[in-house]
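Chain by chain, the residues run as shown.
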Amino acid sequence: MPDRPCLICAALALCLCLCGCAQHMQPESQAIAVGMAVDRADPGGLRLSVLLPESHAFSGQGDDASSGYYIASATGASFAEALTILHATVPMTLNLAQLKIIIVSQEIASDAVFPAVVTDMFLTHRLYSSAFFVVSLGSAQDVLRSQGDVTSLRASSAILTGMEDRVRRGIVPDVRFSDLYNDLHSIYGSPVAILAAAADGTHTTLTPPGRAGDALPGAMPREGQAGCEYAGAALFRDGRMVGVLSSLEAAFLGYLRGGTHAISYAVRGRAVDLSPVRPVSVSIALGEDAPHISVEALFAVTESFAREELARQVEADIAALIAKGQSLGVEPFGFAGRAAASFPDVSSWLRYEWLQRFSEASVQVRATIRVLRE
Amino acid sequence: MNPLSQTEGTVRAPRRALIVLAAVSVTARVTFSAAVDVQTAGNAAWLQALLFPLACAPGLSAFFYLTGRPVPRPAQSAVCVLFFILFVSEFSSWLYAAAECAAYTTFSDLPLLALLLPALAIAAYISSLGGDALGGLGQVTLAVVPWLFLLATVWQIRDMRPVYLTPILGGGLHAILRGAFLCAGAGLSLPAGLWILWGAGKEEIPVGERRRAACTSPLLCALAAAGSLAILGMLAPNYTGSPRTPTRAMEQLLMGGGASTSVQFPLMLLWYSLLLLGCVFSCSSAAQSLNVLVPRLSLRACSWLSALPCLALIPVWMRLGNARETMLAWRWPLFTGGLILSAFGVWIRERRNARRAR
Numbered sequence: 000m001p002d003r004p005c006l007i008c009a010a011l012a013l014c015l016c017l018c019g020c021a022q023h024m025q026p027e028s029q030a031i032a033v034g035m036a037v038d039r040a041d042p043g044g045l046r047l048s049v050l051l052p053e054s055h056a057f058s059g060q061g062d063d064a065s066s067g068y069y070i071a072s073a074t075g076a077s078f079a080e081a082l083t084i085l086h087a088t089v090p091m092t093l094n095l096a097q098l099k100i101i102i103v104s105q106e107i108a109s110d111a112v113f114p115a116v117v118t119d120m121f122l123t124h125r126l127y128s129s130a131f132f133v134v135s136l137g138s139a140q141d142v143l144r145s146q147g148d149v150t151s152l153r154a155s156s157a158i159l160t161g162m163e164d165r166v167r168r169g170i171v172p173d174v175r176f177s178d179l180y181n182d183l184h185s186i187y188g189s190p191v192a193i194l195a196a197a198a199d200g201t202h203t204t205l206t207p208p209g210r211a212g213d214a215l216p217g218a219m220p221r222e223g224q225a226g227c228e229y230a231g232a233a234l235f236r237d238g239r240m241v242g243v244l245s246s247l248e249a250a251f252l253g254y255l256r257g258g259t260h261a262i263s264y265a266v267r268g269r270a271v272d273l274s275p276v277r278p279v280s281v282s283i284a285l286g287e288d289a290p291h292i293s294v295e296a297l298f299a300v301t302e303s304f305a306r307e308e309l310a311r312q313v314e315a316d317i318a319a320l321i322a323k324g325q326s327l328g329v330e331p332f333g334f335a336g337r338a339a340a341s342f343p344d345v346s347s348w349l350r351y352e353w354l355q356r357f358s359e360a361s362v363q364v365r366a367t368i369r370v371l372r373e
Numbered sequence: 000m001n002p003l004s005q006t007e008g009t010v011r012a013p014r015r016a017l018i019v020l021a022a023v024s025v026t027a028r029v030t031f032s033a034a035v036d037v038q039t040a041g042n043a044a045w046l047q048a049l050l051f052p053l054a055c056a057p058g059l060s061a062f063f064y065l066t067g068r069p070v071p072r073p074a075q076s077a078v079c080v081l082f083f084i085l086f087v088s089e090f091s092s093w094l095y096a097a098a099e100c101a102a103y104t105t106f107s108d109l110p111l112l113a114l115l116l117p118a119l120a121i122a123a124y125i126s127s128l129g130g131d132a133l134g135g136l137g138q139v140t141l142a143v144v145p146w147l148f149l150l151a152t153v154w155q156i157r158d159m160r161p162v163y164l165t166p167i168l169g170g171g172l173h174a175i176l177r178g179a180f181l182c183a184g185a186g187l188s189l190p191a192g193l194w195i196l197w198g199a200g201k202e203e204i205p206v207g208e209r210r211r212a213a214c215t216s217p218l219l220c221a222l223a224a225a226g227s228l229a230i231l232g233m234l235a236p237n238y239t240g241s242p243r244t245p246t247r248a249m250e251q252l253l254m255g256g257g258a259s260t261s262v263q264f265p266l267m268l269l270w271y272s273l274l275l276l277g278c279v280f281s282c283s284s285a286a287q288s289l290n291v292l293v294p295r296l297s298l299r300a301c302s303w304l305s306a307l308p309c310l311a312l313i314p315v316w317m318r319l320g321n322a323r324e325t326m327l328a329w330r331w332p333l334f335t336g337g338l339i340l341s342a343f344g345v346w347i348r349e350r351r352n353a354r355r356a357r
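As given, the protein sequences belong to chains A and B, one line each in that order.
Under numbering that gives the first Met the number 0, the first sequence has 269 at position 270, and the numbering climbs by one with no breaks.
Under numbering that gives the first Met the number 0, the second sequence has 288 at position 289, and the numbering climbs by one with no breaks.
Don't read these hints as lab results, they were simulated from the structure.
Each residue gets a CB set at the ideal place from its N, CA and C atoms; glycine is no exception.
Be aware that a few hints might be false.
[Stated by the list, open to error] Simulated restraints on C-beta separations:
1. THR239(B) with GLY43(A): 56 to 64 Å
2. ALA270(A) with LEU218(B): 57 to 65 Å
3. ALA322(A) with VAL139(B): 27 to 35 Å
4. GLU53(A) with ILE84(B): 56 to 64 Å
The shape of chain A in the complex, shown without the other chains (with noise of 0.2 Å):
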């Protein structure tokens, strides 16, 4: 068939247009960054951290005492420039199509800056936006550093195993990169991070905990060799970290959002495990002045004990996470989406000024315990 060339010359120079056959583009031409940290630099500016592999330590040529990561860091007076000078210093390609987790310390969370930081990051090309997003109590690139004393897994392997599974715990809300960026545009509620800490405890302000859930990460009751902590989340408002959250009320947020995961719970220092029955529910009455917001929740408990003193006490601590939201004039329990569904168009829900009229809201938990049978 006369056609048959024409088309076999068509399939290979879209397969070679499309392979990206290039030197620069050969994965040893690649420096993959595994992580990310912002802090704030000395004397202005931000400083920019990635962890990188080492390559030699695959190979099994370099020092046993390596951990196989290394730190590349750049300065500059903003995210762009400072990933400008990393691109140039940095050996090799560098890719952050593969990160994995995003960390920001709270000196830049709570500054005018973070906005236009996220923002430089979201128009990063090819910058990963599905890697966890962390804000860390101290220095970041300090939590990014623990990220490589890991024993047996790839660092990139260990950073996912680990946060999954705290997200399925409920220790730590699951926020990507992403979805900080999306919520910090969003018409609807506040946005949350994932909380972090060094954990030496030199960095943070420990909070003396009464029970295990109101620990913050750096102060967490433990020994290991893990380098850092992961508990709780930090709450936005208006594009500033303004508070945050421990990790008992970290599952109790992911649970007000819709989540489904058990809670591990403490009552009269006896350990249970709250598992959600169904999702909560929750009405929003839409008043003239302020809302009115009833919470319904139900939870399964193995075995009965003080089943009425454990459903007041669930019922305090969710309407003291909520009450704590108010004060603080954030949202991130999801009462916007649902409140939203009321107004016909954008326009007159922006109107209604949700953030300012929830902080003025009346709520009403109402939780209920009911017993497994085996």
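Take the given structure of chain A and dock chain B to it, following the hints.
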């Protein structure tokens, strides 16, 4: 029965297959128009897609009338000139979108020309093969694309939030209606392209196929596009601030709102194949228009003469950015005007013939 057979008794099959090609292409066009080019309705873009057949009604009515009778040569030529220009600009727009999609895959390390040429060559080559290849392409795409979309949807189902579709009217009724007309500009390429591919009025088309093309297909396209846009709308919330550039909106489609790497592969396959299909349909329509105007030119020559000028229009699309919406607003009046002009020409000829017969 082999739908691609050339034997007698299967003359209708290629026309039906072309309806499938046009319908799939238009569904993709309307989806892209609502998701990338027109963003003012927010996550109510699915309503734009549901309403676009209403906005297409004048053009579809003219198409139904036209395809039932031969079109006089002057009207045929005038409309073919108009449609040639429109489809060449459509082709360049789709070509650029396909190149941007490919650029996302190739880390933008390749020059734009290297990404444009394969899509251009494929579109020109397939359109040069004529009706059988086009019909087969439409049917293959219809067989594969829904499964890719289903795969990507199931993969991301945990990230979907129905609340993101509220408030129900999104950017407002005015934005939805305006967007419906802009999407109708994309949707009118179905009757316009089919009229050309069916011979540009050289023969009468059976009423069943005319009804299928003018009524059933637009409704099915609207439902498919609305469903797709509703699913896409559940992946990212309505947001405040300026609309995203078409490049960023395209990346949003490819990322699926921040999807993991594993789901980006079927998404890239899905969108790139749909964009290529749009290129093929536009190129074929432009080539057939040129073939009607200059019958001495072979279909292959017409295909390449339609494809190559698109490269000159690419810098225009690159510079337009969010101003694309203004330029795309001309599609509806031009496509509708072309179809109505041709119908008017036929009506005048029939009145004249009727007067002479008396």
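Against the structure, the hints come out as follows:
Under the hint 56 to 64 Å, the C-beta atoms of THR239(B) and GLY43(A), about 30 Å apart, miss the expected range. Between ALA270(A) and LEU218(B) the CB atoms are about 58 Å apart, so this pair conforms to the stated range of 57 to 65 Å. Roughly 59 Å separates the CB atoms of ALA322(A) and VAL139(B), a value that falls outside the hinted 27 to 35 Å. Against the hinted window of 56 to 64 Å, the Cβ-Cβ separation of GLU53(A) and ILE84(B) comes to about 58 Å, which satisfies the hint.
In summary, the numbered hints that this structure violates are 1, 3.
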